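**Q** The primary structure of each chain is shown beneath.
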Amino acid sequence: DQQVKQNSPSLSVQEGRISILNCDYTNSMFDYFLWYKKYPAEGPTFLISISSIKDKNEDGRFTVFLNKSAKHLSLHIVPSQPGDSAVYFCAASATDDKIIFGKGTRLHILP
Amino acid sequence: EAQVTQNPRYLITVTGKKLTVTCSQNMNHEYMSWYRQDPGLGLRQIYYSMNVEVTDKGDVPEGYKVSRKEKRNFPLILESPSPNQTSLYFCASSPMTGLVADEQFFGPGTRLTVL
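Protein chains in written order, with this note's numbering: chain A, 1 to 111; chain B, 112 to 226.
Check each hint, because a few of them may be wrong.
To be verified - Computed list of lysine-lysine pairs in DSS-like fashion (alpha-carbon distance at most 30 angstroms, straight line):
1. A:K54 x B:K180
2. B:K128 x A:K5
3. A:K54 x B:K129
4. B:K168 x B:K180
5. A:K71 x A:K56
6. A:K54 x A:K98
7. B:K176 x A:K71
8. B:K176 x A:K68
9. B:K176 x B:K128
10. A:K54 x A:K38
11. B:K182 x B:K168
12. B:K129 x A:K5
13. B:K180 x B:K129
14. B:K182 x B:K128
15. A:K68 x A:K56
16. A:K56 x A:K98
17. A:K68 x A:K54
18. A:K38 x A:K5
19. A:K54 x A:K5
20. B:K168 x A:K54
21. B:K129 x B:K176
22. A:K56 x A:K5
23. A:K98 x A:K38
24. A:K98 x B:K168
25. B:K180 x A:K68
26. A:K71 x A:K54
27. A:K68 x A:K38
28. B:K182 x A:K71
29. B:K176 x A:K54
30. A:K68 x B:K128
31. A:K38 x A:K71
32. B:K180 x A:K5
Claimed, not checked - Covered stretches of chain A, as calculated for chain B (at least 3 residues, CB under 8 angstroms):
33. 10–22
34. 59–72
35. 101–108
To be verified - Partial chain B-side listing against chain A, Cβ under 8 angstroms, derived:
36. L152
37. V171
38. Y175
39. S178
Derived from the structure by calculation, the hints contain no laboratory data.
Since we're looking at a predicted model, the values are computed, not measured.
The C-beta atom is built at its ideal place from N, Cα and C for all residues, glycine as well.
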């Protein structure tokens, strides 16, 4: 049973426009959510996180929104840049500190 | 430079031949973890450790062992590797913020092939 779902395997967005990556989860015990970015042949790098007590967290061009009632979070990138082309992973953890990742969404930024 | 290192980066081995992948971090992080990445399956947690001598199973622990004798090192041991353990492995470390593992710093990955 997949507890963290990223239903879009890939997404293409025009440079300069907004990229929206979505993530759904099933476990209501998750209380901390993170987004990671991964380039080929490299380890994932942390982007942004959000605690379950918040519904929004912003860091520069990146904003994460959390809708606890819908068990849904999204990552917004504005404006999208060519260097944003990568695979994005959503991750969630509960107090047992086991961390569950989604399968990832490959983002293509088009010129 | 703050980093997580893994060795080896690439390994081809045969079924049943015990191997160890080392992981070391120089950031004094309490939390360390191992993941495997497979096509279409994303990153799956194998084992994690919240501190020295404390290890717990992740989602896919079968066929793997770990140890945490020192804070900086977290080796992954495959006692009897099988072809289904062919994968890309990542080690990660994280400071603990209260009760929660914070952002993780990942190593560069180890590509393992078991023939």
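**Q** Each hint should be assessed against the structure and marked as holding or not.
**A** Verification of the supplied hints:
| no. | hint | verdict |
| --- | --- | --- |
| 1 | A:K54 x B:K180 | violated (37 angstroms) |
| 2 | B:K128 x A:K5 | violated (35 angstroms) |
| 3 | A:K54 x B:K129 | violated (46 angstroms) |
| 4 | B:K168 x B:K180 | holds (17 angstroms) |
| 5 | A:K71 x A:K56 | holds (14 angstroms) |
| 6 | A:K54 x A:K98 | holds (21 angstroms) |
| 7 | B:K176 x A:K71 | violated (33 angstroms) |
| 8 | B:K176 x A:K68 | violated (35 angstroms) |
| 9 | B:K176 x B:K128 | holds (14 angstroms) |
| 10 | A:K54 x A:K38 | holds (25 angstroms) |
| 11 | B:K182 x B:K168 | holds (18 angstroms) |
| 12 | B:K129 x A:K5 | violated (34 angstroms) |
| 13 | B:K180 x B:K129 | holds (20 angstroms) |
| 14 | B:K182 x B:K128 | holds (27 angstroms) |
| 15 | A:K68 x A:K56 | holds (11 angstroms) |
| 16 | A:K56 x A:K98 | holds (23 angstroms) |
| 17 | A:K68 x A:K54 | holds (9 angstroms) |
| 18 | A:K38 x A:K5 | holds (17 angstroms) |
| 19 | A:K54 x A:K5 | holds (20 angstroms) |
| 20 | B:K168 x A:K54 | holds (29 angstroms) |
| 21 | B:K129 x B:K176 | holds (11 angstroms) |
| 22 | A:K56 x A:K5 | holds (20 angstroms) |
| 23 | A:K98 x A:K38 | holds (20 angstroms) |
| 24 | A:K98 x B:K168 | holds (8 angstroms) |
| 25 | B:K180 x A:K68 | violated (39 angstroms) |
| 26 | A:K71 x A:K54 | holds (13 angstroms) |
| 27 | A:K68 x A:K38 | holds (26 angstroms) |
| 28 | B:K182 x A:K71 | violated (35 angstroms) |
| 29 | B:K176 x A:K54 | violated (37 angstroms) |
| 30 | A:K68 x B:K128 | violated (47 angstroms) |
| 31 | A:K38 x A:K71 | holds (24 angstroms) |
| 32 | B:K180 x A:K5 | violated (35 angstroms) |
| 33 | 10–22 | violated (count 0) |
| 34 | 59–72 | violated (count 0) |
| 35 | 101–108 | holds (count 4) |
| 36 | L152 | holds (6 angstroms) |
| 37 | V171 | violated (11 angstroms) |
| 38 | Y175 | violated (15 angstroms) |
| 39 | S178 | violated (18 angstroms) |
Of the numbered hints stated above, those contradicted by the structure are hints 1, 2, 3, 7, 8, 12, 25, 28, 29, 30, 32, 33, 34, 37, 38 and 39, listed in ascending order.
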